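Participant: Given next are the chains, with one letter for each unit.
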Amino acid sequence: MLFFIEVTLSGMMAGVMYSLVALGFVLIFKASGIFNFAQGVMALFAALTLVGLMEKFNFPIWLAIIGTIVVMIALAWLIERIMLRHLVNQEPIILFMATLGLAYVLEGMGDILWGSDVKVLDLGIPQGASDWMLDSFDIYIEKLEIFAAVTAAIMVAFLAVFFQKTRIGRALRAVADDHQAALSVGISLHTIWVIVWSVAGIVALVAGIMWGSKSGVQFSLSLIALKALPVLILGGFTSVPGAIIGGLIIGVGEKIAEVYLGPFVGGAIENWFAYMLALAFLLFRPQGLFGEKIIERV
Amino acid sequence: MRKLSRTILAALLAAPLMSGIASAYELVMPTLDYRTGPYAPNGIPFANGYGDYLNMLNERDGGINGARISLVPCETGYNTKKGVECYEKLKGEGQSGALVFQPLSTGITYQLIPKASVDEIPIFSMGYGRTSAANGKIFPWVFNFPATYWSQATVFVQYIAEKEGGMDNLKGKKIALVYHNSAYGKEPIRTLEKAAEKYGFEFMAMPVDHPGQEQKATWLQIRREKPDWVMMWGWGVMNQVAIKEAASIRYPMDRFIGVWWSGSENDVLPAGAAADGYLSGAFHQPGDNFGAHDDIKKYVYDKGMGLGDRDRIGEVLYNRGLVAAMWTSEAIRKAMEIHGTNEIRGVHVRDGFEALEVDEARLKELGLEGFTIPVSITCENHEGPGQVALQQWDAKAKKWSLVSGFYEPLRDITAPLIAEDSAQFAAENNVTERSCN
Amino acid sequence: MIYRETGQFKANYQDDQALFPIAQDRYVILVILLITFGLVPALLNEYWLNAILLPFLIYSLAALGLNILTGYCGQLSLGTGAFMAVGAFSVYKLMVAFPGIGFIPMVVLSGVITAAVGTIFGLPSLRIKGFYLAVATLAAQFFLIWLFNKVGWFFNYSATGMINAPPMTIFGAIVTGPKADPIAKYYLVAAFVAVFALAAKNIARGRIGRNWMAIRDMDIAAELIGVRPLIAKLSAFAVSSFYVGMAGALYFAVWLGSAEPTEAFDINQSFLVLFMIIIGGLGSVLGSFLGAAFLVIMPIMLKNLMVDGFGTTSALAEHIQIIVVGVLIIGFLIVEPHGLARLWRIAKEKMRLWPFPY
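Residue numbers (my numbering), protein chains in the order written: chain C, 1 to 298; chain A, 299 to 735; chain F, 736 to 1093.
Calculated directly from the structure, the hints in this document are not laboratory data.
These numbers were taken from a predicted model, which means no experiment stands behind them.
Beta carbons are placed, not taken as given, at the ideal position from N, Cα and C, and that holds for glycine.
Among the hints, a few may not be true.
[Claimed, not checked] Taking lysine to aspartate or glutamate and the DMTMM-like style, the derived pairs with C-alpha atoms no more than 20 Å apart in a straight line are:
#1 F/Lys914 to A/Asp609
#2 C/Lys56 to A/Glu491
#3 A/Lys524 to C/Asp117
#4 F/Lys914 to A/Glu726
#5 F/Lys914 to A/Glu731
#6 A/Lys696 to C/Asp117
#7 A/Lys524 to C/Asp138
#8 A/Lys696 to C/Asp131
#9 F/Lys885 to A/Glu731
#10 C/Lys56 to A/Glu726
#11 F/Lys914 to A/Glu491
#12 A/Lys697 to C/Asp117
#13 F/Lys864 to C/Asp135
#14 F/Lys864 to C/Glu296
#15 A/Lys694 to C/Glu296
#16 A/Lys524 to C/Asp131
#17 F/Lys864 to C/Asp122
[What the hints assert, rightly or not] The following label-pair restraints were derived from C-beta to C-beta distances:
#18 C/Leu78 to A/Asn587: 28 to 36 Å
#19 C/Leu78 to A/Lys662: 56 to 64 Å
#20 A/Glu460 to F/Gly837: 38 to 46 Å
#21 F/Arg862 to A/Lys696: 50 to 58 Å
#22 F/Leu768 to C/Phe284: 16 to 24 Å
#23 C/Leu78 to A/Lys696: 57 to 65 Å
#24 A/Glu460 to F/Gly907: 57 to 65 Å
[Said to hold, decoys possible] To list a few chain F residues with every Cβ distance to chain C over 10 Å, as calculated:
#25 Asp760
#26 Trp783
#27 Ala929
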């Protein structure tokens, strides 16, 4: 029983780590209807920039973080300026393809600028098992993941306030609802996009920091986007809480499946199990758990 | 502008046929590097070591027996499809054609094994690739000395037995294998299953999917099953994460043994102090305190021709590239000796490999005394000595060091498996066994 | 002037409904076929045939298959890699178990097996739509690869799960295995691609194809006018998987020669083929070829240009190449969001009017 609790808790923690990546997707999809293939590479790029600033220019941590945020905002501005502006009103799949181009460019740039070696990322985030939990309850929980969960909670709260209470947030929601209506009441699409991509860039930085602290910053970091995919589909592309709840369901589901079912069929089932789980949910709710209901008219 | 467009045209149309103009006979040694992609952190030091050593030979001795080496890198990104393209492009390169391929990935090795015999270019998959290629009768063109994954697995079993106080004490012990869920990672399973049968230990295999950033489920299972020893056949980011996870669940590091591809500085550094005591397989010394390293610094880095950073000379994977280059160049030297000419081709280099003999004395001459085990290759045995040692990580000093002698593999386990697997290959591909007398 | 249909009178329905109603189109296709089968093998060396044209043709076939599903029927699929794996493992099992039935029937048969598997994974498309549908094919992607990696029967219990293509001959020429003749391999694959590209063009303009397009454009409306979504969607999955399966069989047996499921058919493969059809042009046979050329041939050319032409180091060349490809993708999409095939259509329009402005 204790072990089951442990697996569940670990699954939830892993799920939050996936949610961190999924959040970035949701923000961009919500505001511009773009499925951003480059989100994983953005996380890598942000983490690389952070480590690069710390290592090559000897920035202190806080300055390096601010520097990276500035870089990500500049990047968002460039993306809007060079790419999105010219692709207004295109089909979603075309925009999706354009973000692939973006992913390629960022991937190459990151490597040229900062090199392909594994870089140790140490921001002083607590790491290793929580000794207290391990000693007093014999339950293994990773400190880094607790930290990530708290960060995610703060981030979601912040995003909720940002979306609900601020002027920009309301404008964002208006754009998400209807581009043309938003334009007609005087909201600048361009500004909104820059803001959304900047926020997504910062979310990518957070995801990059968490995953990068875990494994060192290296190319593989960009592949975590794949782990976020079932979360995203399950939670619904447009829902911030969906990304979190979806992450928890996927995380717990795949860990329980792997630990309890895996040994009987040879293991490594968690990847496809996550998708099967998402598929099972979608058969009942085709728009994702928290997605907006799809209304079809002829 | 015209020159530019002509260059472009030439490059586009005649890419593989370009370098036929060189006057002196050059030894074309292609390298299938991977300095990009998810496994780049491991590929870069290897490629640097390999290239630096050959460049050093060029600068110090003017090549091998006076014939200059032309090093032709091609980027594969550890991707089989790109590897095939590189192979096709480089196999006919220059006057000599490619002399020997070092495929550097299990996938590419498997790809090239059948092609090698047709194109008559030997493949040197040093300590990786298809284990049963050790059977020189079926695989005349493939060499995987100094040891295979299967030998290595049996060496780990012996090391464990030694620590447990004898082979008999293995009975009832539980040994887990955490492996990269690919052809590479699956290599040792059969051997370990056989060993488990023979010595009565319990064996459990746990796969981790590429890339392996998320291994919580695997390590939770290890926490539940509490194996006495854990082995790892990992690669890339999987290594770093596994070592961290092991540390987090307080798994004793000196009971955690990685394959020799899971034992480089890259793998342990991200885990920091927690990785202290972690073990891995090895067939050469770490460090840069050998004559050959001094020569590389003197003849290559002082002239600004080094491929990597000077202070990273002597890392584990750098030395692995270096030792690969050393054996390859020795095989070429041998081939020149056998055939009495400098103008050798791939087919001759194969003969050089099959007569390769690098003993202590030769290592000393090469400035690599005690760097690795003596190797001698024969027609039947392409695995050579098959001996493996263990190295341990000292997190404080940030250094690897060998902590055991070289163990003989348990050939009574590996030999029948090699015979079986190579026979299957022969049957599927209509290969007839050659005679070695 | 050049491309004008004036003066070409259709005297009967057959002419009017021909696959290529305009004479110039027929000539162009004829010339392309002549070049493909006559000139190319005579002029190009082994490197070009083996390392560039073979993958290009095979990817074109896979892209054609996916284009039927995604481009014509509007169902997004990210399972192409897995369906290629089904084709590859089918052909492997057939080659090992029944070497007597001949290589061409084997490839077609693996296509049929893949079609069956594809149809099963297409079932959720009846309920799930748009980007969400990707989950069904993604489940197929990860599940099938896991299956091929885990169940020993598929790879004949080899120690590592690798499969190797044994030698096969067609009319005395070896087409698989290491001793295969590059020209024979090229002819075989080119013939497959040519036949099935024409077939695809034919299916797409017929009743089934129109049903698919109706579903793509708006499935509810299509349903109302009497298109049965069950039949239309599943037939698209079946036909598409048939093509993809054959591409997978050729990819493994003729081009690679050996493969392991986790690397050769991973999710990147699925994305790659999807990107080919988007950049080439959704719902266009020509687009499948252009997309495959863009993402298979061009990167290699760029790399060779940089490494051999300018002496860039191989790693830097790779980085620059990926950036250039990225920039080109964005650039092309900005210039022409509907893919490269649309550019060709615009060019045809221009040729029709030339030299007059309108």
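Participant: What hints, given by number in increasing order, does this structure fail?
Facilitator: 1, 2, 3, 8, 9, 10, 11, 13, 15, 17, 18, 20, 22 and 23
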